[in-house]
Amino acid sequence: MTTAAALAPLERDLATTGNRAWRRFRRHRLALFGIVAIVLMVLASIVGPWLIPFDQLKIDIRHRFAPPPWGGHLFGTDQLGRDLLVRLLMAGRISLAIGFLAMIVSTAFGTLVGITAGYYGGAIRIVLMRFVDAMLCFPSIFLLLILAAFIQPSVTTITLIIAATSWMEVARVVEAQVRSLRERDFILAAEMIGAPGRYVMFRELLPNAIGPIVVAATLTVARAVLMEAYVSFLGYGIQAPMASWGNMLNNAQQYLGSAPWLAIFPGLMITLSVASFNFVGDGLRDALDARFDVK
Amino acid sequence: MANFLLGRLLQSLVLLLIVSIIGFAVLHLAPGGPLSQFALVPGLSKEDLARIAHEMGLDRPLPVQYWEWLTRLVGGDWGRSYRDNQPVLAVIAGRLPATLELMGAAILISVFVGIWIGVMGAIRSYSLFDMLATVGAMVALSIPTFWFGLIVIYAFSVNLGWLPPGNRMTVGGDGSFLDYLHHLIAPALVLALVEVAIWSRYMRASMLDVINQDFIRTARAKGLPERTVLWHHALRNALLPMIALAGVEIPTLLGGALVTETVFTWPGMGRLLLDSLGYRDYPVIMGILMFSALLALLGNLLADIFAATADPRIRLT
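In order, the protein sequence lines correspond to chains Y and U.
Going by this note's numbering, the final residue of the first sequence carries number 313, and the count climbs one at a time with no gaps.
Going by this note's numbering, the final residue of the second sequence carries number 906, and the count climbs one at a time with no gaps.
Worth double-checking, as some hints may not be accurate.
[Said to hold, decoys possible] Label-pair restraints from in silico Cβ distances:
#, chain 1, residue 1, chain 2, residue 2, range
1, Y, 169, U, 600, 31 to 39 Å
2, Y, 276, U, 825, 32 to 40 Å
3, U, 659, Y, 86, 54 to 62 Å
4, Y, 212, U, 660, 29 to 37 Å
5, Y, 272, U, 631, 39 to 47 Å
Note that these hints are calculated values from the structure, not bench results.
From the three backbone atoms N, C-alpha and C, an ideal C-beta is built for every residue, glycine too.
Can you build the whole structure from these sequences, using the hints too?
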């Protein structure tokens, strides 16, 4: 009871911080555009395929390469006469799911590494952060391709592979944040009353580093969607007949001259989704990062 | 300075060691392994496979294999390609000029265009130009490089017929400088897009930082023309942090080069990596990994040294 009463003003304080962050975010028109676009894309991918009278795998040889908007095929058809719009939406399910899932895995792992390195410092920090540095020496697409080439591709493995090559930025951000928080009074106080390391890390440090983590996580979704497109385009990602935005472009390459819409629409979807997540991440950075520190 | 160099060199070597362990582990622990290519050959018995594994030293414990590979690497022997038995270094060296040419052209474009956009954005911050540049940079960072390549090919090669759709030169052509340049334009522009966006963002931030400093106010106060103040006094100082950026951007650029080379059938290192992946050519894949890491570390080191020589305020310790 007494603790709850003591915490009440703090909570009010947090609420106003949240409000201020929301107000800053709302001013960011691009970020709002991003949110709306993401919600629309997710909804369309989930609901859309049910509303369109074509099946994504229905082969219709007579209507191959129908240019948009031909006979109800709003975005045209591909080399097998399949409706492009339905395939785009089905691919959206896969590509966006991989983006979100890879973000969750890599953010969790990166946060764990960053918080451990930042909290314990010393030799542990040196070993972990040197490992991060080493991972960042490779172009991430190189590692990604090599892993994807040797591992049987599926949604799960591609997600894990993308996560395995995108956690380093989060780790760096969290480590820097934790290292600066580490010497603050409230951490010293927690240690002084004998709180175990795990408690300090996850109950004291983590909540105070959540701003940068959220920003990094949002940008990681953008990265993951892009990375999925890259590996699938190069033939080592999601395999046909399952559609992803990347492998749709792989097929489109050969028909560039005769059926450019096959290349244009999937690329627009990738750009739109990646840009939306980047916009939101940028807005969140302005809203959360700058003055996030709770005094 | 000497102490600093020694320290950094040591640090880079340690990093390179970790890099090699990661690369080696990833390649050899992945399913398949270097033997997988032989498993597909018809008529090879289990005994044959075991013999090949023994001859190639693949039946020994992984750390032993790693040590063997590392000692040879230090001695300058990067192994031989499984595909044509050429030394790995020679294979990489054969592809390097094309990649360096592409990367060099892209760097030139991104440095000049990126810096110009960044400076203009900083001078007229929050103007229409600045807003468009900001949004444009974010969109540019979101466009998949390979898709942008496809669109450029569609527009300028398929439709307009201005630029060749791929390759480094006309097959059977005279191999003149102009022919090379003609082939270089499209891939270099495509690869540069992302870098222009990055450079313009950093340049804008750096320039804004400098413009608000006292020595700029002094320069203005003593009556120098605004052009001199901006493009001489301010730009020179704002450029200093960009030297470090050039070093940091090397892995991004190499990664982008791989994708660009694929779209434009450019005979560089990126295509080599893709081909080697298809052939399961382990020594070449490992060589490319090590080489790209080496390039990244070297770039960072050079950037640090350049930054220190250009800016006397940076003291190397």
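Hint check:
1. Y/169 to U/600: 31 to 39 Å: With Cβ atoms ~32 Å apart, the hint holds.
2. Y/276 to U/825: 32 to 40 Å: violated, 52 Å
3. U/659 to Y/86: 54 to 62 Å: holds, 56 Å
4. Y/212 to U/660: 29 to 37 Å: 51 Å Cβ-Cβ, so the 29 to 37 Å window is violated.
5. Y/272 to U/631: 39 to 47 Å: violated, 31 Å
The structure is inconsistent with the numbered hints 2, 4 and 5, although it conforms to all the rest.
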